[in-house]
Structure formats: C-alpha cells, structure tokens
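One letter stands for each residue in the lines below.
2 protein chains.
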Amino acid sequence: MADISIVEKLVNKTDSKIVQIILDGVGDLFTANKKSPLEFALTPNLDELAIHSSLGLADPIFPGITPGSGPGHLALFGYDPIKNDIGRGVLEALGIGLTLRKNGLYARGNFCILDKDGIVVDRRAGRIPTEENAKICEKINKELETYKDIKVKIYPVKEHRFVAEFLGEELFADIDDADTEKVGIPYKYAIAQNEKSLKTTEMINKFIDFVLDIVKSDKVNGILLRGCSVDPGLITFDKKFKLTPAAIAQYPMYKGLASLVGMHLLPVGDKMEDLVETLKQYWNEEYDYFFFHVKKTDSYGEDGNFDGKVHIIEEFDKILPQILALRPDALLITGDHSTPCPMKSHSWHPVPLLIHSSFAREDNMVFNEKSCCTGSLSRIPAIYEIPLLLAHSGKLSKYGA
Amino acid sequence: MADISIVEKLVNKTDSKIVQIILDGVGDLFTANKKSPLEFALTPNLDELAIHSSLGLADPIFPGITPGSGPGHLALFGYDPIKNDIGRGVLEALGIGLTLRKNGLYARGNFCILDKDGIVVDRRAGRIPTEENAKICEKINKELETYKDIKVKIYPVKEHRFVAEFLGEELFADIDDADTEKVGIPYKYAIAQNEKSLKTTEMINKFIDFVLDIVKSDKVNGILLRGCSVDPGLITFDKKFKLTPAAIAQYPMYKGLASLVGMHLLPVGDKMEDLVETLKQYWNEEYDYFFFHVKKTDSYGEDGNFDGKVHIIEEFDKILPQILALRPDALLITGDHSTPCPMKSHSWHPVPLLIHSSFAREDNMVFNEKSCCTGSLSRIPAIYEIPLLLAHSGKLSKYGA
Chain A
1 MADISIVEKL VNKTDSKIVQ IILDGVGDLF TANKKSPLEF ALTPNLDELA
51 IHSSLGLADP IFPGITPGSG PGHLALFGYD PIKNDIGRGV LEALGIGLTL
101 RKNGLYARGN FCILDKDGIV VDRRAGRIPT EENAKICEKI NKELETYKDI
151 KVKIYPVKEH RFVAEFLGEE LFADIDDADT EKVGIPYKYA IAQNEKSLKT
201 TEMINKFIDF VLDIVKSDKV NGILLRGCSV DPGLITFDKK FKLTPAAIAQ
251 YPMYKGLASL VGMHLLPVGD KMEDLVETLK QYWNEEYDYF FFHVKKTDSY
301 GEDGNFDGKV HIIEEFDKIL PQILALRPDA LLITGDHSTP CPMKSHSWHP
351 VPLLIHSSFA REDNMVFNEK SCCTGSLSRI PAIYEIPLLL AHSGKLSKYG
401 A
Chain B
1 MADISIVEKL VNKTDSKIVQ IILDGVGDLF TANKKSPLEF ALTPNLDELA
51 IHSSLGLADP IFPGITPGSG PGHLALFGYD PIKNDIGRGV LEALGIGLTL
101 RKNGLYARGN FCILDKDGIV VDRRAGRIPT EENAKICEKI NKELETYKDI
151 KVKIYPVKEH RFVAEFLGEE LFADIDDADT EKVGIPYKYA IAQNEKSLKT
201 TEMINKFIDF VLDIVKSDKV NGILLRGCSV DPGLITFDKK FKLTPAAIAQ
251 YPMYKGLASL VGMHLLPVGD KMEDLVETLK QYWNEEYDYF FFHVKKTDSY
301 GEDGNFDGKV HIIEEFDKIL PQILALRPDA LLITGDHSTP CPMKSHSWHP
351 VPLLIHSSFA REDNMVFNEK SCCTGSLSRI PAIYEIPLLL AHSGKLSKYG
401 A
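Note that the protein sequences, when read in sequence, are chains A and B.
Counting in this note's numbering, the first sequence runs without a single skipped number right up to 401 at its last residue.
Counting in this note's numbering, the second sequence runs without a single skipped number right up to 401 at its last residue.
The shape of chain A in the complex, shown without the other chains:
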C-alpha cells in the first residue's frame, strides 16, 4: 500500500469543512438491461452534481482484493489496511456496538457441537436461533460471575456467533485460534505464538474449560474462539490529519470503526432523512470533517436485491440537495467496496468516486461504474481520498519549495 505519511506534515487546521459520503457497497456489475443500480436509478441531483465534479474509480486495497468492511473503511479514512490489520474479535465487538476497553481482549466465538470423544462434529451448532444463543450466553455469564479467576463476559451475536470480552492487565493477542476450522477432528485449545502471550493463552484456555464444564450435558456443548485481538491503537484522526472529525452512521460496525480512529459519534435516527438532519444539526459545531455512512446499498447488494439497491440510491439522491445547501468546501461520494447484486457479496471491483469542490476539475459526466472509468481522477487507491479531500478544501501546504 501507498505510504501517505507525508500528508501529516503538510496539513493545516483551517475553517473549511469536508464531507465524505460512503454509500456502502455501491459499486456493482451490469445486470438489468446491462445497467448497474447506479446507472438504472433516477438521480437528477447526483447527475447535476457529477457534471461539476471530478470522477474516477477507487481500489480499497489493490486490484483483485475484496475487502471486508474493516479494511475498506480504514483505507477510506487514510489508514493502510494491510499494515493496520484489525482483528476479527475486535471487529465483531465493534459490530455489536461494544466500546473497546483499553484492558480488553476480544475473540469471535462460535457455539459448536462435540461428540463423546471430543471431536468437533458441527462448527456452527446447527445454526441455532439467535434467541437460543442469547439464553446460552445468559446462562454462561451467570456462572462466570461466580468465577473470580478471570474477568470475562460473552455477548450473543446472530445464530451461533458470540463475542468474548476478556479484561485484565497485560493481555497479549499473539494467539493461534481455539478453532479446528473443520469438522471431524479433536477439539483444539488456544496456542500462544510467543512467550509474551503465554499467560493470556492460559487464561483463555481456563475459560474454555470452565464453559465446557457448564454446557457438557447440553446439546450445544462446545465453543470455538478465533481472532483474539486488542484495540489496534491507531493514531487518531485529529493527530494524523489535524481534523475534528464526526461520524454520522446508523450501524454499530461503522460507528465502531469511526471511533477506532477517534471520530466523535453523533446521534442519528434510523432513516435516510435522519442522516442529513444530524449533519445539518451539527454543521456549525466545531467539526471540520463528517463521515456520512449509508448502509443499505450494501445490504441490498448482499441480498441480490437490484430494485432495493436502486431505491436506496434514489432515496440518497433526494437528500443530496440538503447536503449541498450546507456548501461543504470538499465533498466526496464513494463506496468502501463493491457489492454486486449478482454476486450477493462484497467484491474486488473498483468503486465509483466523485469529488466536488471549487477546485475540482469538472468532468461533465454522470456518476456510475462506466463513466467513472474515463474521469479525471482515473483509478486510484482509496487511501488517497483523505489527501484529496484535504487538498480540495485548502488544508494542504505545498511539499518542498
């Protein structure tokens, strides 16, 4: 990945304001009459904006790599998503809205089924209903209260998934998963990758034994733990880019990612209109950067729901004039990755990118996968978006004389 650290030396605090809008998973393939959702949607406001903006394509990681939401957003925020690998446990914790604790270690858990010889026979415990999961978690947490050796709590996620939060001094996460990865082989405990993690690993394995004992007569009689991780301790946005950042996001995962880089989380309702209401409400506060996250473009992509995705893009188009009326000095619209409806999953395809400011070259085109190929921004790594926003809002000094 590109090293953009020079930006940190060139950036200046100014009064100008930046809005970075993420239409999650907005990029797509061409399916309906050879059109993508962005092409198919009726978006008069976005069309008018695009005429006066610079367009291009962005790669969250590099060509061919499909990012998860974590790495995708880190790149958008100007952090190298390969050097800053956020652990699975931490991401899962953020996804359910936990606030990371400085002395916390997080693991992603699965409830599973073991046979009488301790062989893992179902890694997902038959995908138990979420309600059953919640009950098992409650039972285990209650027993754990009486267990003074280890401070740990588990939180139910969907179906068979949970998050384990361990608290303690000097927890280290260089630990191989307590997960067999496949069925038909004997149960596997966590393994320390180095001496530093020995104590933490011992604690995790004690916890596993404690839980196995609690559930031993139940149908769901085992747990698997993976992605042990701690707060990655990223340099915050204000230190890195001299910005006072605010996040307007409706889903836990994105709030969590924003808080990882030190953004203030603004209160916001559930609807599309609520996003812009919050932006308007906080526009004249001290914030000079707003992360504005629209989730459902991705959700409909994951469902393969072309019409749904089109509808969300059209809904976004309706609120766009209110955002423009605030006259941000630099405005960027893109996705954190593509989520093509025919694939029903994240993909590696580069994402349309739009930058609007009084310093932008006007490409006089529309905003979609096809036209963005020939835009003046060309195809760039997403990590350059923050430098571009800082430049277009007049916050970056010249490099060298």
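Don't read these hints as lab results, they were simulated from the structure.
Where hints are given, some of them may not hold.
One copy or two, it doesn't matter: identical chains are merged, so the pair holds either way.
With a straight-line Cα cutoff of 27 Å, these simulated DSSO-like cross-link-like pairs (lysine-lysine) come out [what the hints assert, rightly or not]:
hint: 1; residue 1: Lys83; residue 2: Lys9
hint: 2; residue 1: Lys151; residue 2: Lys199
hint: 3; residue 1: Lys182; residue 2: Lys9
hint: 4; residue 1: Lys83; residue 2: Lys242
hint: 5; residue 1: Lys83; residue 2: Lys240
hint: 6; residue 1: Lys83; residue 2: Lys239
hint: 7; residue 1: Lys17; residue 2: Lys398
hint: 8; residue 1: Lys34; residue 2: Lys370
hint: 9; residue 1: Lys344; residue 2: Lys318
hint: 10; residue 1: Lys17; residue 2: Lys344
hint: 11; residue 1: Lys35; residue 2: Lys370
hint: 12; residue 1: Lys182; residue 2: Lys17
hint: 13; residue 1: Lys280; residue 2: Lys318
hint: 14; residue 1: Lys35; residue 2: Lys398
Starting from the known structure of chain A, fit chain B onto it as the hints suggest.
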C-alpha cells in the same frame, strides 16, 4: 513495485480454471493509416470477446521502463521483477533450453579479440558466424574434459555469444563481470564482490586462463563473461498461489521462465494451432492455470514487420473460439511488453489487457491500444494480473471482516 503478498494468505484451491494468454510484444504504436497492428488486424472473435470483457492497460514494471522478457514475464506471473532480478547468465541459459542445475552457476559469454598487449579490440569478435562459434565451443569443451580442477561446459548461442555452465558445491554469484564493457582497455578478470564469492571467482578466472591458453594462437583469442548467476530460487506458483500450473510455450526462454516459477511444461508443436491443441489435450488434467504463450507477435515487431504482426494476431484470432469453447472461469489476454514495429525493439508503452469472466464488468469495446485507455481496468501494474485472475475465478477470500 507493489507488494501483493497478502494474496498468498487469501487464495484457496478450487476447481475453477484460469488461462493467461501472452501475445508477446503485442502492444505497438500507430503507423499504418494511424493504426496499430491490433487495430488493423481483422479479429472478429477477439472483437466479440472484448465486448463482454473488462479492458485496460498494464505496465510490466512502471511507466517508462522497457522490460526484457525475463522481468516482463515475472510481473505477469505475480513476482516482483525488481526484487527478483534474474541474472543474465541464467536467462541466457534458459534461452537455449538448458535446465538449471541446483549446483550450477551460469554466465553469459562473448568471444572477443585481444591485441598482443592484451587490450580488448573487438568485444564481439567481428560477430563470427554461429557455425564458427559452435566449432570453437566444441574445441574448448574437448580440452576442458581433460581439465579436472573445474567442472564447466560452454554452449554456443548466436554469433559471438555463448553460455558457460559451472558446476560445483557452494558457488556464489556476487561477482563483477570479466568484461571491459568497451574496447581499447586491458583485459579484465572477474572480481569477487565479497568474501563469500572469492573461491567461485578464483575458479572462474582459472577457467578464463585455461581458455585464453587454448585459443591464444587463433584469430578469436579471448572471452568475456558477464551476469554470473544461479537459480534465483523463486517460491513456486503452487506454494505462492495454490495453483497447479502448466505452461504452453514454444520457445526455450519462455519455457525456462515458466519452469523457474514451477510450471509444468506441456509438449507442444511449432504452429499456432498446436498451442490450442495442447491446451485442449490437457484441459481436463489436474491443471487449474495455463500460461499460453504466442511468440511471433514480438518477433515480427523486432523485425519491424507490420504485416507479419497483423497476420499473427489474425492467426491467433482464428484459434480463439477453441479456447473459449473450453469455458475457462477466468481468461486474460495481454503482452509481456510492447514491441512497436517502428522501433524494432521492446518498449515501455503499456500493453492492452483484457479479462473475461462471468464476474467481469463488460466494457463493450474493442481490444486495442486506444480503446483500452478508457476500459474499466484502467492502467494497472502487470503484477496485479494474477490477483485479478484469482479473484475472477473465485479463488480469493475476502480480506478482513
């Protein structure tokens, strides 16, 4: 160059099949009626394929750098061609079809002419005919048989060129060339760059003395040696990308490069039709990646033969339907570099690139230097071709959650 090592952690073994077609040196400038050979050629099959494919331009190294065949192919194979510098001696050995030996060290040789004071007066010995070269090599090899101290054999190449193959334990190649690089200066022996290479250098210089003694009364009375090198020991394709690779190539250099990264060399005849016959014959074997090499686009480029290059492209177009009929999951067509007819040499111009798969954005364009400028793949380093092929054939997991 870009670091793509993350790919190695994300790749999965699957049943899908990849074909990477290299039309060697296919990129060109616009000469005949302002058209390139790709534009001028009648290619109905390629045109039809391109409509349903993603197009772009690829840089083997980076803008401005003209690659030789070695670095050009390393990039196509997903290896950093700057970090993995294949020595001149090894490349020359591969070019004449030698199989590299684990205990071998290879040098590119020139026969040359020295005056009575040992001054190099002709570095190419008047470009002697290849037959004369072969006779000199035979004479020297015969004498070398009686020389027990050093295991070495020389192999004639074209005109004044040869390859020297040294065999032994602990041979090290950090050696400055035994080559004056210009005429009019005294003969120069090999020089060790460090202590490790001292013994090897001593051996090489003993060999030089031995040969100088054999040829001292001949007209061609000297040798120059450069590019001492050993097998670079690249991580093989199966380890790096979990692929079982096969190479369909007709020329020694490309077979050699393919074998360097651990590809299986499939038997193939001399004609264009033979390439596709081999592909069909081995399609249902265990291979999931095929390197498919068409040489003559480059040869005609080097000759400045526009019509010849057009003809080869049209010949390739005729066999293309047979390749498509196999229904590869991901198909890529490009060159390892441009070889413009008016330049009669390799060049730095980026090379047209086409990717076809059911996951490719369809650009609805034709495959040539002009239209590829505006394709959805944009302009990318060639090292991303393997990640893109792995992605388009469904072999890459998501990075992060």
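Consistency of the hints with the structure:
1. In this assembly of identical chains, the alpha carbons of Lys83 and Lys9 lie at most 27 Å apart whether taken from the same copy (20 Å) or from different copies (14 Å).
2. Proximity of Lys151 and Lys199 under a CA criterion of 27 Å is satisfied intra-copy only: 14 Å inside one chain copy versus 57 Å between copies.
3. For the identical chains of this complex, Lys182 and Lys9 are inter-copy neighbours only, at 18 Å across copies versus 48 Å inside a copy, given an alpha-carbon limit of 27 Å.
4. For a Cα distance limit of 27 Å, the shortest separation of Lys83 from Lys242 qualifies both inside one copy, at 21 Å, and across copies, at 24 Å.
5. In this assembly of identical chains, Lys83 and Lys240 lie within 27 Å of each other by CA distance both inside one copy and across copies; the values are 16 Å within and 20 Å between.
6. In this assembly of identical chains, Lys83 and Lys239 lie within 27 Å of each other by CA distance both inside one copy and across copies; the values are 18 Å within and 23 Å between.
7. In this assembly of identical chains, the alpha carbons of Lys17 and Lys398 lie at most 27 Å apart only when taken from the same copy (20 Å versus 34 Å across copies).
8. Both within a single protomer and between protomers do Lys34 and Lys370 lie at most 27 Å apart by alpha-carbon distance, with minima of 11 Å and 23 Å respectively.
9. Taking the shortest Cα distances, Lys344 and Lys318 sit within 27 Å of each other inside one copy (26 Å), while across copies they are farther apart (37 Å).
10. For the homomeric pair Lys17 and Lys344, the shortest alpha-carbon distance between copies (22 Å) is at most 27 Å, but the shortest distance inside one copy (35 Å) is not.
11. Taking identical chains as interchangeable, the C-alpha atoms of Lys35 and Lys370 lie at most 27 Å apart whether they share a chain (9 Å) or sit on different chains (24 Å).
12. Taking the closest pair of Cα atoms, Lys182 and Lys17 come within 27 Å of each other only across two copies (25 Å); inside a single copy the shortest separation is 50 Å, beyond that limit.
13. For the homomeric pair Lys280 and Lys318, the shortest alpha-carbon distance inside one copy (15 Å) is at most 27 Å, but the shortest distance between copies (54 Å) is not.
14. In this homomeric assembly, Lys35 and Lys398 come within 27 Å of each other (Cα to Cα) only across copies, at 25 Å, whereas the closest approach inside a single copy is 42 Å.
When held up to the earlier numbered hints, the structure conflicts with none and fits them all.
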